[in-house]
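Residue numbers (the numbering used here), protein chains in the order written: chain Z, 1423 to 1787; chain F, 1103 to 1392.
I should point out that these hints are in silico values taken from the structure, not numbers from a laboratory.
For each residue, glycine too, the CB sits at the ideal point set by N, CA and C.
Among the clues, some could well be false.
[To be verified] Label pairs and their calculated CB-CB ranges:
#	chain 1	residue 1	chain 2	residue 2	range
1	F	Glu1292	Z	Asp1663	19 to 27 Å
2	F	Gly1166	Z	Ala1551	17 to 25 Å
3	F	Ser1215	Z	Phe1632	24 to 32 Å
4	F	Gln1389	Z	Gly1504	36 to 44 Å
5	Z	Gly1615	F	Gly1357	45 to 53 Å
6	F	Asp1363	Z	Gly1474	12 to 20 Å
7	Z	Gly1499	F	Met1103	28 to 36 Å
8	F	Gly1357	Z	Ala1638	25 to 33 Å
9	F	Pro1247	Z	Ala1551	49 to 57 Å
10	Z	Glu1647	F	Met1103	35 to 43 Å
11	F	Ala1270	Z	Leu1640	44 to 52 Å
12	F	Glu1292	Z	Ser1459	51 to 59 Å
13	F	Glu1292	Z	Pro1579	23 to 31 Å
14	F	Gln1389	Z	Glu1645	42 to 50 Å
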Amino acid sequence: MRLFEYQAKQLFKQYGLPVPKAVLVHDLDGVRGALASLTLPVAIKSQVLAGGRGKAGGIALVDDPGQAEREASRIFGLSIGGEKPDSLLVEESYPHVNEMYLSVSLDRGDRAFVTIAASAGGINVESMAGKVIRKISLDGIDASFAAEVASLLRLPPDQSSQFASILLSLERLAREKECELAEINPLAVGKDGTLMPLDAKVIIDDNALFRHPEFAKLHPEDEFEGEASRQGFAFVRLGGDIAVVGNGAGLVLSTLDLVGDAGGNPACFLDLGGGAQQERIEAALRLVNRLPGVDRILINIYGGITRTTDVAAGINTVLAEGVVKPVYARVSGAEEDEARRLLAGTPVRMYRTAPEAVEAVVKGA
Amino acid sequence: MMLPKEGDPILVQNMPGKYGRLHTRLMLDYGTNVAAGTAPGKGGQSVEGVPVYNTVAEAVQKTGAKASVCFVPAEFMLAAGEEALSAGIRLLVIITEHVPIRDELRLLQLAESRGASIIGPNCPGLIIPSQKVKLGIMPAPSFSPGRVALYSRSGTLTYEIAGQLTSAGFGQSVAVGIGGDPINGTTPVEWMDHVQAMEDTSAVVAVGEIGGDAEERLARHIEKSGYSKPIVAYIAGRHAPKEKKMGHAGAIIYGDYGTADSKIRALKAAGVRVASTPAEVPALLKQALS
């Protein structure tokens, strides 16, 4: 789960990391109120989870109240990677002479947590020059580890000690809150040499959330995503007109590729999960059937532990409830002939293979 | 990695749970010697005629099991895995989904220090058709004995592709789901090295998906090691959006990291034939073997 910048910065404060003075606002009145307690110039920063908000115009630096309101109003109207900002962080700008980079993250390939640090920041971590990468023990780091990383960056002595203490705090935060990523980019160096995190990116390990109930209520949930997660489905909205439903993440992912290759636009990715039973098929169909934008429904089931006859019975139940958008189904595996017989005479279009079903659903035939 | 042979005793952890029960029966039906189960406080019960013990140590002592299949809920998986590895289990198959990353890493460290292997978590397990060995949840009819080794990061896609291989006359020497999490107990590189040494295997099918750089690492390894067995790969997620978890915790693209295109490019450059759909796999395999 990715946190909004303001949430990540609240965590930073809890862990003793410095952050610029800022106020979170939800409307233009809020902006006016915030300016009363902050010193201009300020940065107005959209609070969205999508990447690339700077490039999308989601951040503005302003010098006076009038400009602040105009920019805030403009940013509230933006859609950044499909996301409309519900809130803005109005933050005092921090004059600085250099930008550094620091993160603690999971290195999947090396199967370890690492810290990455660079004395010159940038957008792209991959191509950062002179970056330092060090593996981190699951039990944490000590002051000498932090001092070593700082010395490798060749910082002046006063910055070096600040850096080491920031790394220690960030690592403790990442470990205790079980982050996949805790990142400061940029870590600004002020004119007087004081280090200040200007942005904060934190991603919590979803699978560890049961140990961190404090994060449970942080995110406003999309109605459909909320419903899907209560049902235990893996669900992603994609914005097209063909709902894609199947059993198994890889199978549904490969079905999205077939749809995309055939020129179709998936409306969603819905993985029923393993061993899906009749009620789950029904719940999934009801959900995608009322998802805005959905025109047709594609079902791709490879029956194994999931019984194809359960799938057919589930489709029939939902059909009997009334209007259902056109269903194109590929149901394969054990007992598929029986499943086919259960669906004979219904409006469901049945196909033997996934490519055949995809071709038909994309054409809308 | 020590793979079990026909008749080797197998342990099932949390056997009396819903999935433990179901799959104990299906593994027994396949011909696998499920010799013991465990569940704390449920010692003395039996499931499908298989005795259940309170601890792994007791079950190992009674049966000599060296491999275990875990149906333990995610929040207890770290403790269950530590118990199994400490009791001498050498192959730990973790079916459980949603195990926290740091718990997986701790188990991996313990396994390494004891010379044991982990498959999963969040995986369908392992099947060796010629040995009637099934340590997991895959549907048996999709698989048949043969000379192709199959690995995959996804469950159902493993069954789908195994089913197509089986229909096309390509049986499998071994098929494994390595798991859909960001961390795999056994990586593609480790798995492919194991398969390279298997005499009963003449080709490999590698099924990957978006997220991480396991396939890029595999491609580099294939080039560097001069991998000798023909490989056909399939990578799911060419049309997946960025920054979204696509069902599996590990199936996520960050920026340009983890895209299907990068993986496909790397594998092709290493001489691997890459299928653009699961249905293409058998035809490419036929080509590779001719």
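Here is how each hint holds up against the structure:
Checked against the given bound of 19 to 27 Å, the beta carbons of Glu1292 of chain F and Asp1663 of chain Z, roughly 42 Å apart, lie outside it. Hint check: Gly1166 of chain F to Ala1551 of chain Z, Cβ distance near 56 Å, so the stated range 17 to 25 Å is violated. At about 27 Å, the beta-carbon gap between Ser1215 of chain F and Phe1632 of chain Z stays in the expected band of 24 to 32 Å. Checked against the given bound of 36 to 44 Å, the beta carbons of Gln1389 of chain F and Gly1504 of chain Z, roughly 41 Å apart, stay inside it.
One distance hint, 45 to 53 Å for the beta-carbon pair Gly1615 of chain Z and Gly1357 of chain F, is violated here, with the actual separation near 31 Å. Range check, Asp1363 of chain F to Gly1474 of chain Z: about 19 Å between beta-carbon atoms, so the 12 to 20 Å window is met. Against the hinted window of 28 to 36 Å, the Cβ-Cβ separation of Gly1499 of chain Z and Met1103 of chain F comes to about 57 Å, which falls outside the hint. Gly1357 of chain F and Ala1638 of chain Z have their C-beta atoms about 28 Å apart, which keeps the hinted 25 to 33 Å range intact.
A hinted range of 49 to 57 Å for the beta carbons of Pro1247 of chain F and Ala1551 of chain Z is consistent with their spacing of about 54 Å. Checking the proposed 35 to 43 Å range against Glu1647 of chain Z and Met1103 of chain F shows it holds: the Cβ atoms sit about 39 Å from each other. Between Ala1270 of chain F and Leu1640 of chain Z, the C-beta spacing of about 49 Å keeps the proposed range 44 to 52 Å intact. For Glu1292 of chain F and Ser1459 of chain Z, the Cβ-Cβ distance of about 56 Å falls inside the hinted range of 51 to 59 Å, so the restraint holds.
The hint said 23 to 31 Å for the Cβ distance between Glu1292 of chain F and Pro1579 of chain Z, and at roughly 44 Å that hint is violated. A hinted range of 42 to 50 Å holds for the C-beta pair Gln1389 of chain F and Glu1645 of chain Z, which are about 48 Å apart.
Figure legend: structure checked against the earlier numbered hints; hints not met, in rising order: 1, 2, 5, 7 and 13.
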